[in-house]
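Trainee: Can you build the whole structure from these sequences, using the hints too?
Residue numbers (my numbering), protein chains in the order written: chain V, 289 to 491; chain Z, 139 to 228.
Hints were generated in silico from the structure; no laboratory data involved. Every residue gets a Cβ at the ideal spot worked out from N, C-alpha and C, and that includes glycine. You may find that some hints are simply not true.
Unchecked claim - Distance condition first, Cα-Cα at most 30 Å in a straight line; then the derived DSS-like pairs of lysine-lysine:
{"#": "1", "chain 1": "V", "residue 1": "K471", "chain 2": "V", "residue 2": "K361"}
{"#": "2", "chain 1": "Z", "residue 1": "K154", "chain 2": "V", "residue 2": "K330"}
{"#": "3", "chain 1": "Z", "residue 1": "K198", "chain 2": "V", "residue 2": "K340"}
{"#": "4", "chain 1": "Z", "residue 1": "K142", "chain 2": "V", "residue 2": "K337"}
{"#": "5", "chain 1": "V", "residue 1": "K448", "chain 2": "V", "residue 2": "K418"}
{"#": "6", "chain 1": "V", "residue 1": "K391", "chain 2": "Z", "residue 2": "K161"}
{"#": "7", "chain 1": "Z", "residue 1": "K198", "chain 2": "V", "residue 2": "K391"}
{"#": "8", "chain 1": "V", "residue 1": "K330", "chain 2": "Z", "residue 2": "K161"}
{"#": "9", "chain 1": "Z", "residue 1": "K142", "chain 2": "Z", "residue 2": "K161"}
{"#": "10", "chain 1": "Z", "residue 1": "K198", "chain 2": "V", "residue 2": "K337"}
{"#": "11", "chain 1": "V", "residue 1": "K305", "chain 2": "Z", "residue 2": "K154"}
{"#": "12", "chain 1": "V", "residue 1": "K340", "chain 2": "Z", "residue 2": "K200"}
{"#": "13", "chain 1": "Z", "residue 1": "K161", "chain 2": "V", "residue 2": "K340"}
{"#": "14", "chain 1": "V", "residue 1": "K337", "chain 2": "Z", "residue 2": "K154"}
{"#": "15", "chain 1": "Z", "residue 1": "K141", "chain 2": "V", "residue 2": "K340"}
Stated by the list, open to error - Pair ranges (Cβ atoms, derived):
{"#": "16", "chain 1": "V", "residue 1": "L403", "chain 2": "Z", "residue 2": "A159", "range": "21 to 27 Å"}
{"#": "17", "chain 1": "Z", "residue 1": "Q222", "chain 2": "V", "residue 2": "G358", "range": "51 to 57 Å"}
{"#": "18", "chain 1": "V", "residue 1": "I313", "chain 2": "Z", "residue 2": "G176", "range": "37 to 43 Å"}
{"#": "19", "chain 1": "V", "residue 1": "E474", "chain 2": "Z", "residue 2": "D170", "range": "49 to 55 Å"}
{"#": "20", "chain 1": "V", "residue 1": "G310", "chain 2": "Z", "residue 2": "Q193", "range": "45 to 51 Å"}
{"#": "21", "chain 1": "V", "residue 1": "W433", "chain 2": "Z", "residue 2": "A159", "range": "32 to 38 Å"}
{"#": "22", "chain 1": "Z", "residue 1": "S181", "chain 2": "V", "residue 2": "N405", "range": "15 to 21 Å"}
{"#": "23", "chain 1": "V", "residue 1": "D357", "chain 2": "Z", "residue 2": "D165", "range": "27 to 33 Å"}
{"#": "24", "chain 1": "V", "residue 1": "F393", "chain 2": "Z", "residue 2": "T207", "range": "21 to 27 Å"}
Unchecked claim - Derived coverage of chain Z by chain V (criterion: at least 3 residues anywhere in the stretch with Cβ under 8 Å from a Cβ of chain V; other residues may be distant):
{"#": "25", "segment": "155 to 167"}
{"#": "26", "segment": "180 to 186"}
{"#": "27", "segment": "189 to 200"}
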Amino acid sequence: MEQQDIYISGSVCISRKEVRSGDAIVLEPGHDGNFFSDIYEKLDINYPKFFKMDALCKLGIAAAHVLLDGFDKSMYQPGEIGIVLSNRSGSIEADINYYESSKTFPSPSLFVYTLPNIVIGEISIRYGFKGENAFFISEEFDPEWTVFYVNNLMQHQGIKACICGWVDVEDGALDARFFLVEKGKENGINFTADSLKQGCAAG
Amino acid sequence: MDKKELIYQLKQQIIKQLNLAGKTPEDIRDDDPLFVEGLGLDSIDALELIVLLQQEYNIKLKSAEEGQTIFRSVATMADYILEQQAGAAN
Numbered sequence: 289m290e291q292q293d294i295y296i297s298g299s300v301c302i303s304r305k306e307v308r309s310g311d312a313i314v315l316e317p318g319h320d321g322n323f324f325s326d327i328y329e330k331l332d333i334n335y336p337k338f339f340k341m342d343a344l345c346k347l348g349i350a351a352a353h354v355l356l357d358g359f360d361k362s363m364y365q366p367g368e369i370g371i372v373l374s375n376r377s378g379s380i381e382a383d384i385n386y387y388e389s390s391k392t393f394p395s396p397s398l399f400v401y402t403l404p405n406i407v408i409g410e411i412s413i414r415y416g417f418k419g420e421n422a423f424f425i426s427e428e429f430d431p432e433w434t435v436f437y438v439n440n441l442m443q444h445q446g447i448k449a450c451i452c453g454w455v456d457v458e459d460g461a462l463d464a465r466f467f468l469v470e471k472g473k474e475n476g477i478n479f480t481a482d483s484l485k486q487g488c489a490a491g
Numbered sequence: 139m140d141k142k143e144l145i146y147q148l149k150q151q152i153i154k155q156l157n158l159a160g161k162t163p164e165d166i167r168d169d170d171p172l173f174v175e176g177l178g179l180d181s182i183d184a185l186e187l188i189v190l191l192q193q194e195y196n197i198k199l200k201s202a203e204e205g206q207t208i209f210r211s212v213a214t215m216a217d218y219i220l221e222q223q224a225g226a227a228n
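Mentor: The following block contains the structure:
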């Protein structure tokens, strides 16, 4: 299969400043109060487990919620939908929180989030995705690697749709850049490294 | 503290410890099942309840099997705590 048969059918960028879907600003969270409580309510996420998650998973679930609005997952088998994410900070916030709790009573519910790939699991559980997935650690978002890896999944691992991108939480800074990539669903945006670089360029 | 007060306190602690957003003590009936039905807690929540007993009441479960009975509802948790406290006082 040629690479040009793969297209970007949606993109979402979340920072503390704004939530964007494609070029449109969906939400500008208030500066008062809790960021995640605010976007949970305003984006109508309606998933009580959200509040049990660490910040990385909350950010990933929020990004997937906006990205998959309108996505018809019945077009694919669960095993045909993959997830490939990356970040710089791993699960550092959950690691620190768990370390702090371990000084008195180690918290099981903090411990379960001390791996960055848990965000992939949470998204998979919510939407019933069972395809190949991977989480990579790199200093910066690497569009070339993402395109290479997702193309490989689509060519050799039976993946037909894939969430890919970047999700990072460190020192209170939030950065999510999610892309929905689909095979053969032409909409004019080719799945290339340049397209991924432009995806959140305005943010 | 009598059983009624303990039950109310337990409900507050469970909501806080398990991050049950949007729930109030009034939403939880004393005999509601804590797992599957009722509050719908999961296995990680069960571990958090064990931590709660240890942290707040200095009670360590002797075996995992005990948990099935103790954590059936807030009322059964309260009964167990009162029983352990009475045993410790004697």
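Trainee: For each hint, tell me whether it holds in the structure or not.
Mentor: Quick rundown of the hints versus the structure:
At most 30 Å may separate the alpha-carbon atoms for a hinted pair to count; K471 (chain V) and K361 (chain V) meet this at roughly 13 Å. Between K154 (chain Z) and K330 (chain V) the CA atoms are separated by roughly 23 Å; this keeps the pair inside 30 Å, and the hint holds. A distance of roughly 24 Å separates the Cα atoms of K198 (chain Z) and K340 (chain V); the hinted pair therefore holds under the 30 Å criterion. Between K142 (chain Z) and K337 (chain V) the alpha-carbon distance is near 29 Å, which keeps this suggested pair within the 30 Å criterion.
Between the alpha carbons of K448 (chain V) and K418 (chain V) the distance comes to roughly 12 Å, so the proposed pair stays at or under 30 Å and holds. Restraint check for K391 (chain V) and K161 (chain Z): satisfied, since their Cα atoms lie roughly 29 Å apart, inside the 30 Å limit. As the CA atoms of K198 (chain Z) and K391 (chain V) are separated by approximately 18 Å, the hinted pair is consistent with the 30 Å bound. A threshold of 30 Å between alpha carbons decides the hint, and for K330 (chain V) with K161 (chain Z) the separation of about 19 Å falls inside it, so the pair holds.
Restraint check for K142 (chain Z) and K161 (chain Z): the C-alpha separation of about 19 Å stays at or below 30 Å, so the hint holds. The straight-line distance between the Cα atoms of K198 (chain Z) and K337 (chain V) is roughly 27 Å, inside the 30 Å bound, and the hint therefore holds. Only pairs whose Cα atoms come within 30 Å are accepted, and K305 (chain V) paired with K154 (chain Z) is accepted, the gap being roughly 29 Å. Pair hint K340 (chain V) plus K200 (chain Z) holds up; C-alpha atoms about 27 Å apart against a cutoff of 30 Å.
This hinted pair checks out: K161 (chain Z) and K340 (chain V) have alpha carbons roughly 13 Å apart, not beyond 30 Å. Distance hint between K337 (chain V) and K154 (chain Z) is fulfilled; the C-alpha atoms sit about 14 Å from each other, no more than 30 Å. A distance of roughly 29 Å separates the Cα atoms of K141 (chain Z) and K340 (chain V); the hinted pair therefore holds under the 30 Å criterion. At about 24 Å, the beta-carbon gap between L403 (chain V) and A159 (chain Z) stays in the expected band of 21 to 27 Å.
Checked against the given bound of 51 to 57 Å, the beta carbons of Q222 (chain Z) and G358 (chain V), roughly 54 Å apart, stay inside it. The hint said 37 to 43 Å for the Cβ distance between I313 (chain V) and G176 (chain Z), and at roughly 41 Å that hint holds. Between E474 (chain V) and D170 (chain Z) the beta carbons are some 52 Å apart, a value that agrees with the proposed interval 49 to 55 Å. Checking the proposed 45 to 51 Å range against G310 (chain V) and Q193 (chain Z) shows it holds: the Cβ atoms sit about 47 Å from each other.
Restraint check, W433 (chain V) to A159 (chain Z): a C-beta distance of roughly 37 Å satisfies the suggested window 32 to 38 Å. A hinted range of 15 to 21 Å holds for the C-beta pair S181 (chain Z) and N405 (chain V), which are about 19 Å apart. For D357 (chain V) and D165 (chain Z), the hinted distance range of 27 to 33 Å is satisfied, since their beta carbons lie about 30 Å from each other. Judged by the Cβ atoms, the range 21 to 27 Å given for F393 (chain V) and T207 (chain Z) holds: they are separated by roughly 23 Å.
With 5 residues carrying a beta carbon less than 8 Å from a beta carbon of chain V, the segment 155 to 167 of chain Z meets the three-residue requirement, and the given coverage holds. Proximity of the segment 180 to 186 of chain Z to chain V, defined as three or more residues with a beta carbon under 8 Å from a beta carbon of that chain, is established by the 4 residues found. Given as covered by chain V, the segment 189 to 200 of chain Z passes the check, having 3 residues with a CB less than 8 Å from a CB of that chain where 3 are the minimum.
Violation of the numbered hints given earlier is absent; every hint is satisfied by the structure.
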